[in-house]
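Chemist: Chain A is already provided as a structure; the job is to place chain B on it using the hints.
Number of protein chains: 2
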Amino acid sequence: MHANTLNFSAGPGALPASVLAKTREAIVALPETGLSVLGMSHRSDWFLAILDEAERNIRDLLGLSERYAVTFLQGGSSLLFATVPMNFATPAFAPPEYVISGYWSARASAEAGRVSGHRIVWDGQRTGFRELPVLDRLDVDARAAYLHYVSNETIEGLQFSAPTGDLPVPLIADMSSDFLSKPLEVERFGMIYAHAQKNLGPTGVTVALFDREMLERIPSGMPHILDFRTQIAHGSNYNTPPVFAIYVLTLITRWLRDDIGGLTQMQYINEAKAARLYDLFDEMGDVVTVHARRPWRSRMNVAFTFGDARLDRAFLDLAETRGMSGLEGHRSLRGLRASLYNAVTPEAVEALCETVSEFALQRA
Amino acid sequence: MHANTLNFSAGPGALPASVLAKTREAIVALPETGLSVLGMSHRSDWFLAILDEAERNIRDLLGLSERYAVTFLQGGSSLLFATVPMNFATPAFAPPEYVISGYWSARASAEAGRVSGHRIVWDGQRTGFRELPVLDRLDVDARAAYLHYVSNETIEGLQFSAPTGDLPVPLIADMSSDFLSKPLEVERFGMIYAHAQKNLGPTGVTVALFDREMLERIPSGMPHILDFRTQIAHGSNYNTPPVFAIYVLTLITRWLRDDIGGLTQMQYINEAKAARLYDLFDEMGDVVTVHARRPWRSRMNVAFTFGDARLDRAFLDLAETRGMSGLEGHRSLRGLRASLYNAVTPEAVEALCETVSEFALQRA
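Protein chains in written order, with my numbering: chain A, 1 to 364; chain B, 1 to 364.
Simulated from the structure, these hints should not be mistaken for laboratory data.
Computed from a predicted model, the values in this text were never measured in an experiment.
Possibly wrong hints are sitting among the right ones.
[To be verified] Covered stretches of chain A, going by a simulated chain B footprint (3 or more residues, C-beta under 8 Å):
(1) 6-17
(2) 48-54
(3) 76-89
(4) 195-204
(5) 215-227
(6) 239-252
Beta carbons: idealized from backbone N, C-alpha and C, even for Gly.
With the rest of the complex left out, here is chain A (with noise of 0.2 Å):
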């Protein structure tokens, strides 16, 4: 296997082997034009249907209504941690409500409260971030502006279920790290955004879907570029957007489509993924210790250690010599981290396990 499929980062990380070689001629000479993609306008007519294709792609694999309005954002979920409050937290509603469960979701309620101010209706840390609330049972303020979660959390291993009961306020997602992953019911959500560097592109792409009704609360007078009407109104070509990521965020939506099948596809598979290492990991007692407790364990990122960081550090070089990369914690957490995003194939994951049985078989 070449290192690529190999690559277990937690993003930028991998994408599908095809992707990649069909981006690498387009940086000479796309086939449609001749001309490099580096070099296209984004007025020109090839660029105009490449927005229109990769927003039908994540339509179609959606199976999204126009009640939903979808477009291509730049900044990544930092500049959206501060602009959902700037739109969103307006003075006709109580102060959005903020679950903290992970490093990220810490990060975008702590930028909330710069912004507009918040209240925070679940914070896991003094659990120490291993597990989850259940969103719809959660003691919300009716009144409050927007409800507000992650719902994955890269650094920890954890995951949301989807969302089933009712919530009394629009439920805004950072989805940056499961999107795309496994089909969605969008229209249980105001708001939902995701940088492509997961599962969806390279670095320099945030997808953006809105419930159109929530984009009469906007307050005027906003600057033009953080107003998400901006976009929206303009084919998220207002100004010049990220040509390069948005083409191939495109390849990649079509590669969803025409080499998995689909989201339900792409699910079945990263749930097995998934499953293979976790039971590989619990077959094996208390040589290894993931991070998230059982129900919230992650299908898209497995924070695990072999219980000191000199062991991790053997397994890292072991796993270094077997071609694979990407494979070191957070560094706010260490230890170690597999990230199963969907480019990563089960052959990987089968190699990983692989390793994971020799470096534990060594130690026994």
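Modeler: For chain B alone, coordinates are given in the frame of chain A:
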């Protein structure tokens, strides 16, 4: 010549062939890591070295002292149109002064008007954006937060000479379309910003230089991601940066240093390219009209017309048969436009001039 070298697009535009060739290989395997550039973590040693090199190369090319901070941002000039006044137009100063010299400076000015209030110190609209003021003779309020201008207007084909006199307030310039096209006395500026997709790389990254004294003026309590100090404090790696765009930008800075030989050499080449085309147009008399008056003609973008839409269309058709692209004028001004950015070769300009001559002869 390959179609890429005959790309006269106003941006995203031509990139050097050698940079495209290196980038193409990096899509599948970077020489340094064996992994796709698109799958490299922004926390990897490889990317930290790229960030360091990008900054060092820009410093070396400009001879920039440590008095200035260099940083890489997302969101393009349009985001900076909002964040410049958010950061610097504080109540401690009189409103910032804006020069309106064309389409882009008008956009910058309008956004400052929304964000902070401002004063328009010069407006070329009445005279059709065909000429420019002398910056150090403008009637600037000495208490103003700053004076903002756009150094090169891509649509109208107007370019400021570098300021030579002293100004009573910090000068802030959007240099998106001529940064690194010639040497620059950065010390005359409080802040300079330039998105990459003209002379520096693909779209998705913006370079910003700050006189560190300016940073002390930034008010507290801003959203972290919009406060200029945040990315500076985190070495442009506060949140996931556009890894690919910064990688290509780094290759461009190497090309400027090693292949071109530095900014003085680049300026000579750019001056000669523009002179070749303008001289031809001047020889042709009434057959062609250049939009900009002579003293303010841009070396980066030549906006011209053969007199009416039918003739301009006929020229575009001829140029297309010669493999040329990107010569349509902007939708706001129409007509024709040849952009002669760093990566457009003298050979490409020669080919364009031959086509112009041939077209004139056909019509004579």
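Chemist: Look at each hint and say if it fits the structure.
Modeler: Verification of the hints:
Note: the stretch 6-17 of chain A has 8 residues with beta-carbon separation from chain B under 8 Å; the three-residue rule is met and the coverage holds. With a cut-off of 8 Å between beta carbons, the stretch 48-54 of chain A has 0 residues touching chain B; three or more are needed, and the interface restraint is violated. Here the stretch 76-89 of chain A counts 7 residues with a CB under 8 Å from a CB of chain B, which clears the bar of 3, and the coverage holds. Taking a C-beta to C-beta cut-off of 8 Å, the stretch 195-204 of chain A contributes 6 residues in contact with chain B, enough for the three needed, and the coverage statement holds.
Remark: the stretch 215-227 of chain A is confirmed as covered by chain B, as 6 of its residues place a Cβ nearer than 8 Å to a Cβ of that chain, reaching the required three. Only residues whose beta carbon comes within less than 8 Å of a beta carbon in chain B count, and the stretch 239-252 of chain A has 8; three or more means the coverage holds.
Hint 2 from the list above is the single one not met by this structure.
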